[in-house]
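Throw the hints in and build the complete structure from the sequences for me.
The chain contents come next:
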Amino acid sequence: AQSVTQPDIHITVSEGASLELRCNYSYGATPYLFWYVQSPGQGLQLLLKYFSGDTLVQGIKGFEAEFKRSQSSFNLRKPSVHWSDAAEYFCAVGDGGGGSNYKLTFGKGTLLTVNP
Amino acid sequence: GAVVSQHPSWVICKSGTSVKIECRSLDFQATTMFWYRQFPKQSLMLMATSNEGSKATYEQGVEKDKFLINHASLTLSTLTVTSAHPEDSSFYICSAADSHSNQPQHFGDGTRLSIL
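First to last, the protein sequences are chains A and B. Counted the way my numbering counts, the first sequence spans residues 1 to 116. Counted the way my numbering counts, the second sequence spans residues 1001 to 1116.
Don't read these hints as lab results, they were simulated from the structure. Being a predicted model, the structure only gives us computed values, none of them experimental. Note that CB positions come from ideal geometry on N, CA and C, so glycine has one too. Just so you know, nobody snuck in bad clues.
Label-pair ranges, simulated between beta-carbon atoms:
| hint | chain 1 | residue 1 | chain 2 | residue 2 | range |
| --- | --- | --- | --- | --- | --- |
| 1 | B | T1082 | A | S14 | 43 to 51 Å |
| 2 | B | L1068 | A | S70 | 39 to 47 Å |
| 3 | A | S14 | B | E1063 | 45 to 53 Å |
| 4 | B | T1082 | A | G41 | 18 to 26 Å |
| 5 | B | K1020 | A | Q45 | 24 to 32 Å |
| 6 | A | R22 | B | K1020 | 34 to 42 Å |
See the structure below:
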């Protein structure tokens, strides 16, 4: 069965500092990988996704992530964090069920706090 | 971009009542819809997958008689929590997908359910 591990439950960074959120996955084939962001009491917003091709993917709000098959990782990065980036971040793996109706398995999330 | 509307956003009701949550795709045909449950400060857990016109497929451990899912049209799926009790209090989120496209799933904003 597929699984996702986000080792960091809570990360605090200063505004303007760089950010890296870690994500490791377990999946038997080439995975579909996603990063979502959730503000308190809200739904999920897709930051970026990896299906195939270039292993460095660009997303919205200045985020990027790199798929490293050898490390089973899909870490999220941002060069300069803004206070509005404070939120919960979820990494997810899809089972590649075809089209877009794949099942998603989420990690436990990383809460990002941004200090002024 | 694609929009998924979830209603209501927050509901409080007495123990023993049934609660219906709606999930609508506003500008695309949702051949598949997913229902997730999220406990406070935890990740999203997939409850069930529903394909339009078919019975929902429930994940292991989810009571199908407790959580009734209907997906009668390509734009609407409903989740009914029957005879709700305080332990059913949670944040419920739906997502919708068009299996004929390569677009990722789109999430609703969630429904906060509180059972007194």
